[in-house]
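Asks: Sequence:
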Amino acid sequence: MHPGDGGPGLLVGALPDVVTVELFADPPNIHLYPEEADRVKRAVDRRRREFATVRLCARTALARLGVPPGPILPGPDGEPAWPEGVVGSMTHCPGYRAAAVAGTSAVAAVGIDAEPNSALPAGIERMVASPGERRTLDRLTLSHPAVAWDRLLFSAKESTYKACFPLLGRMMDFGDCTVTPDPERGTFTSSLHVPGPVVGGRRVDTFTGRWRTVAREGVEYVATGIAVPAAPAPPPRRR
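All residue numbers for the sequence shown refer to my numbering, where the first residue is 6 and numbers rise by one.
Everything labelled a hint here was simulated from the structure, so no lab data went into it.
None of the values given here were measured: they were computed from a predicted structure.
For glycine and all other residues, C-beta sits at the position ideal for the given N, C-alpha and C.
A few of these clues could be false.
Derived DEER-like restraints, expressed as beta-carbon distance ranges [said to hold, decoys possible]: (1) H36 x T185: 21 to 31 Å; (2) R52 x G128: 21 to 31 Å; (3) P39 x A151: 38 to 48 Å; (4) P121 x R47: 35 to 45 Å; (5) V224 x P32: 17 to 27 Å.
When you get a sec, could you build the whole thing from the sequences and use the hints?
Replies: Structural data, given as structure tokens:
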């Protein structure tokens, strides 16, 4: 099996100017560099497999950008350390692994996240969603019940934080943004309640992302992604 082969995709092609590679299974005997293998030598088998497969996806995506292979090590907060001139993001959940990369000339940051398309465990929704967001989730659940909207909101916030972290240099909390999904367009907006990053000389406080669902071998997934343009569009001019 090669990354991106066969079946409907989830995140491939979802984000502009971004190369995404995904796999729905763990191929055997994936090569890890010694530095990478050292990071998971004491990990359980499940963790070693997801660590290796997501790096296979990342190296395949980097090769499509013309970047030679090399180790991809976690940073101090677990974020992947990408080669110079590249931004990217990784995600994995049971049965799915993906990596998305882009050149910094076009994209300032990338954030992706994938989850099972099923409701969050009891009590978690109140931890990640504001009262206003929960009202939105209730309406969406009534009108579009095939999507686990609480899980999608969780995923969208994860994608937001992954995109913002390398730009802000700090972690964010679930209450630091409000996510509003658009069920018809397959998009969402993420509005920050904290000062956003400065990109191309402008502060960015609102991000637009994309979401998708797919069923693969009887398992349903939901995924979200954000690509922050290197030169954000100027704010609308007041009349």
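Asks: State for each hint whether it applies.
Replies: Hints, one by one, checked against the model:
1. Remark: the range hint 21 to 31 Å for H36 to T185 is contradicted by a beta-carbon distance near 42 Å.
2. In this structure the supplied range 21 to 31 Å holds for R52 paired with G128, their Cβ-Cβ distance being about 25 Å.
3. About 45 Å separates the C-beta atoms of P39 and A151, a value consistent with the hinted range of 38 to 48 Å.
4. Look at P121 against R47: about 27 Å separates their beta carbons, and that is not inside 35 to 45 Å.
5. Evaluation of the 17 to 27 Å hint for V224 and P32 yields a pass: the beta carbon distance comes to about 18 Å.
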